[in-house]
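J.: Protein chains in written order, with this note's numbering: chain A, 1 to 453; chain B, 1 to 426.
If you're looking for bench data, these hints aren't it; they were derived computationally from the structure. C-beta: ideal position from N, C-alpha, C; glycine also. Any given hint could turn out to be false.
Reference listing, derived: stretches of chain A covered by chain B, where coverage requires no fewer than 3 residues with Cβ under 8 Å from a Cβ of chain B [what the hints assert, rightly or not]: (1) 31-39; (2) 127-141; (3) 145-159; (4) 304-313.
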Amino acid sequence: MPWTTEITHPFASALHVRRHRLHNGLGLVVLADAGAPIVSYQTWYAVGSRHESPGQTGMAHLFEHLMFGQTRTRPAGEFDRTIERTGGDSNAATWVDWTYYRDSVPARDLALVIALESDRMVNLALEPAVLEAEREVVANERMQRVDDEVEGFADEELSRLAYTIHPYGWPTIGWMEDIRSMGMADVQRFYETYYAPNNATLVVVGDVDEVRLLELVERHYGDIGPAELPAEKRVVEPAQESERRRRFAKPTPAPRLLRGYRAVDQAHADWPALSFVASLLSSGPSSRLHRRLVIEREISLGADCDVGPQRDPGLFRIATQLTREHQAEEAEAEIDAVLADLAERRVDDAELEKVRSVVETDYWGELEGVDGRAEALGHYQTTLGDFRKLFEVAERLSQVTAEDVQRAVRTYLIAERRCSILIDPEGDDGGGVRDDDPSDDGDDGHAAARDDQ
Amino acid sequence: MSARFHFAPAVGTPLCWFSAATRVGAALDPVGREGMTRHVAELARRGAGGLDRAALDSAIDCLGASIEVEVDRDWLSVTATCLERHLDRTVELAASVLADPLLERGEHEMLLRESLHELDDVRDDDASLADRHFHRVCSPGHPYARTALGTQESLARIELAPLADYHASLWAPEHMVVGVAGPMTVARAETVADRVRAAVAGRTGARPPALDVPPFPPGRRIILVDKPKRTQCQVLLGHLAPVYGPGDFVALMPLETAFGGLFSSRLMQEIRVARGWSYGAGCRMSKARAPHWFRMWMAPTADHAADALALTLSLYDKLAAGGLDADEFQLAIHHLTGALPFASATARQRMRLALRHDLLDLPEDFPAQLPALLAALTVDDVREAAGRWLRPRDLCIVMVASADEMVPRLERAGSPPSEIVAYDSY
Numbered sequence: 001m002p003w004t005t006e007i008t009h010p011f012a013s014a015l016h017v018r019r020h021r022l023h024n025g026l027g028l029v030v031l032a033d034a035g036a037p038i039v040s041y042q043t044w045y046a047v048g049s050r051h052e053s054p055g056q057t058g059m060a061h062l063f064e065h066l067m068f069g070q071t072r073t074r075p076a077g078e079f080d081r082t083i084e085r086t087g088g089d090s091n092a093a094t095w096v097d098w099t100y101y102r103d104s105v106p107a108r109d110l111a112l113v114i115a116l117e118s119d120r121m122v123n124l125a126l127e128p129a130v131l132e133a134e135r136e137v138v139a140n141e142r143m144q145r146v147d148d149e150v151e152g153f154a155d156e157e158l159s160r161l162a163y164t165i166h167p168y169g170w171p172t173i174g175w176m177e178d179i180r181s182m183g184m185a186d187v188q189r190f191y192e193t194y195y196a197p198n199n200a201t202l203v204v205v206g207d208v209d210e211v212r213l214l215e216l217v218e219r220h221y222g223d224i225g226p227a228e229l230p231a232e233k234r235v236v237e238p239a240q241e242s243e244r245r246r247r248f249a250k251p252t253p254a255p256r257l258l259r260g261y262r263a264v265d266q267a268h269a270d271w272p273a274l275s276f277v278a279s280l281l282s283s284g285p286s287s288r289l290h291r292r293l294v295i296e297r298e299i300s301l302g303a304d305c306d307v308g309p310q311r312d313p314g315l316f317r318i319a320t321q322l323t324r325e326h327q328a329e330e331a332e333a334e335i336d337a338v339l340a341d342l343a344e345r346r347v348d349d350a351e352l353e354k355v356r357s358v359v360e361t362d363y364w365g366e367l368e369g370v371d372g373r374a375e376a377l378g379h380y381q382t383t384l385g386d387f388r389k390l391f392e393v394a395e396r397l398s399q400v401t402a403e404d405v406q407r408a409v410r411t412y413l414i415a416e417r418r419c420s421i422l423i424d425p426e427g428d429d430g431g432g433v434r435d436d437d438p439s440d441d442g443d444d445g446h447a448a449a450r451d452d453q
Numbered sequence: 001m002s003a004r005f006h007f008a009p010a011v012g013t014p015l016c017w018f019s020a021a022t023r024v025g026a027a028l029d030p031v032g033r034e035g036m037t038r039h040v041a042e043l044a045r046r047g048a049g050g051l052d053r054a055a056l057d058s059a060i061d062c063l064g065a066s067i068e069v070e071v072d073r074d075w076l077s078v079t080a081t082c083l084e085r086h087l088d089r090t091v092e093l094a095a096s097v098l099a100d101p102l103l104e105r106g107e108h109e110m111l112l113r114e115s116l117h118e119l120d121d122v123r124d125d126d127a128s129l130a131d132r133h134f135h136r137v138c139s140p141g142h143p144y145a146r147t148a149l150g151t152q153e154s155l156a157r158i159e160l161a162p163l164a165d166y167h168a169s170l171w172a173p174e175h176m177v178v179g180v181a182g183p184m185t186v187a188r189a190e191t192v193a194d195r196v197r198a199a200v201a202g203r204t205g206a207r208p209p210a211l212d213v214p215p216f217p218p219g220r221r222i223i224l225v226d227k228p229k230r231t232q233c234q235v236l237l238g239h240l241a242p243v244y245g246p247g248d249f250v251a252l253m254p255l256e257t258a259f260g261g262l263f264s265s266r267l268m269q270e271i272r273v274a275r276g277w278s279y280g281a282g283c284r285m286s287k288a289r290a291p292h293w294f295r296m297w298m299a300p301t302a303d304h305a306a307d308a309l310a311l312t313l314s315l316y317d318k319l320a321a322g323g324l325d326a327d328e329f330q331l332a333i334h335h336l337t338g339a340l341p342f343a344s345a346t347a348r349q350r351m352r353l354a355l356r357h358d359l360l361d362l363p364e365d366f367p368a369q370l371p372a373l374l375a376a377l378t379v380d381d382v383r384e385a386a387g388r389w390l391r392p393r394d395l396c397i398v399m400v401a402s403a404d405e406m407v408p409r410l411e412r413a414g415s416p417p418s419e420i421v422a423y424d425s426y
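Next up, chain A with everything else stripped away, as it sits in the complex:
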């Protein structure tokens, strides 16, 4: 048998998720659900911007664009035309730990999409003219998402400040000078190194016959040989000893504040507690930060908190956009007061129960459609090595206690672990950048790059 069935796990009412592995190392995670005559077919490659090197930042993302080009068996444009003719659509996303390709197609066209995806896993025909055109597209994307977009700019600067040596410090979309300088040989080498069955997991969710799916995947991918994957360099970011701050002036009507606290990786025992704290602070209009900043003090338009779902330690982010009469420092004082209260006083049972309900609703909201389910399964399988972590994290979130919250706040949400980006509206002086902390020597940053082609 070419397949090994590794895991079966229940999902919702009477459904099951199964993970199989083909003899060449290709993983396959399947959730068969005949609720609608459609399929989400996703190919997750365990390569992201963390696998790049300084000078070649943005490679994983630029390469993702090139994957929609011609192959040795199909001319340029045929991939998209074929998918679109079915009524479906395709897209892709690159982030720090992964790159994935999504095809949403009618269930009857499953065989077609398997043929297309297996073809471009091994037969991509890279051409200099295509590289040049896509380089321009990516440069445009960067201008749109970072250079002309204050929020994207602040995200990038936060990571540059927080990570001094870890690859999470540079942007997934890459620095502009690196995007401009990448060569054909570089992208060809990247393809040959990382695009192989033993570095990929197919995630298939929807109206599929699992037996037929296994047959089709084996037929189309079975002859593709595994690659010799490079040993991954393990980079450990040095401990941060004091707060880091940077301040910028941008052409924007109102100030912004973005904070990042050095946190933990998603497999860490404290990750659920930090995720719970993020919901407690900013999910829903009665959440603590929203209430304080937006309603009681009227100094912000909103507050947004999250903790990075990453393989290596990510950041606990707090972002807020102030109203034009107020300064970032006012938001800082209010946030500090809210965090101090959380550190000092135990959260009561009613608030804990409220956040549990919010988290449960959010969890099911993300799993509403076939694409969302496939994305969640693919993320956990690729980032943490096991799709079942999706269910484990949900379980652990439902068990977070008041003590867990207090300990997470006291341990992680402290000044010594903090980086802050402050954005001021540009005045007549033309703006610029100022380091609030002269000890800062960070020179990299990251920002998620999600494509809609």
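Keeping the supplied structure of chain A fixed, place chain B upon it in accordance with the hints.
T.: Below, chain B without anything else, positioned relative to chain A:
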């Protein structure tokens, strides 16, 4: 007259969705008080059923639920999402927002301030800014040209006193549609709808606005929205399109798809794939109760903006003159019919789809009729509809860019702007 009702059962999820919508939206705003419908709908969410804002927020959040207000020019909705075990209490709270809002002065004043800050937010985002100005200038005098958010001046004119009567007139059974989706029986869903119907029973509704469409201004107009230090230029081009429904709208759907609705469409291939001038380029017809906009869009760098605009105009000229070729037409028809299951794959989507078509006065089964309507089309039908609606000589063009860089480029290209407005002027 009783509110109409749509239900979509769900399996495999504990989530329920409930939506109450009314056929009057921001186009009903009194002249000079643009933003009033949105304001009163949002204000009702900030205190109702005897609970002030903090208590109502807390009551909703404690259920892990959300109750959101959405305002379109044609309609207004209050939509709740919750776990099935919290459905009854969530519906009770949502019904109080429709039927028993507090409309407190302090919240009224705070919301007016917030709306001004949201204007700042719109101006901060170049795509939103282009959209706001396109609505303003595309077809002056059209009911959809009015801003749903309001302006600094119109928001200042909204007073608290008339808001209670205005709110009651929005939520009257004759204009309402109720949708429910989730893991429940139709009988339970009916109970939910009945709770909402009971809350607003006996009310008389506001008269829906007249949707008279004025003549479209002749000629090409370029409105440059001047914003400093832009590396890119957000561009929207368009004019009036047919009303959503059977007829010319359906006949133009293949054209919309093949020209700018897909990655393989003409605009995307010429602007992005062949030249790398913009991250994206496309076109879209808006679905509304009256003729709305046909819009093309792209975001080229300042360096390429004039060339990208010239190329787009040339492609559009060719489209208007020749329509689609047979291959493009066939691909578009296949795509449009094959895509229908994706729009109704989940219970929430099915409920929302039925609700929206009801609000636009279309039959509930209109989406189901579409495959037959599309299959009956010929490439000549599309060309004839294009001849009736595409207006390459009468176009509104909005560009968000830095005027000091863009004006000389446009002048050199022979397309100087007809109007330059500051980005924070509207």
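J.: Next, verify each hint and record whether it holds.
T.: Results for each hint:
{"no.": "1", "hint": "31-39", "result": "holds (count 5)"}
{"no.": "2", "hint": "127-141", "result": "holds (count 9)"}
{"no.": "3", "hint": "145-159", "result": "holds (count 4)"}
{"no.": "4", "hint": "304-313", "result": "violated (count 0)"}
Figure legend: structure checked against the earlier numbered hints; the only hint not met is number 4.
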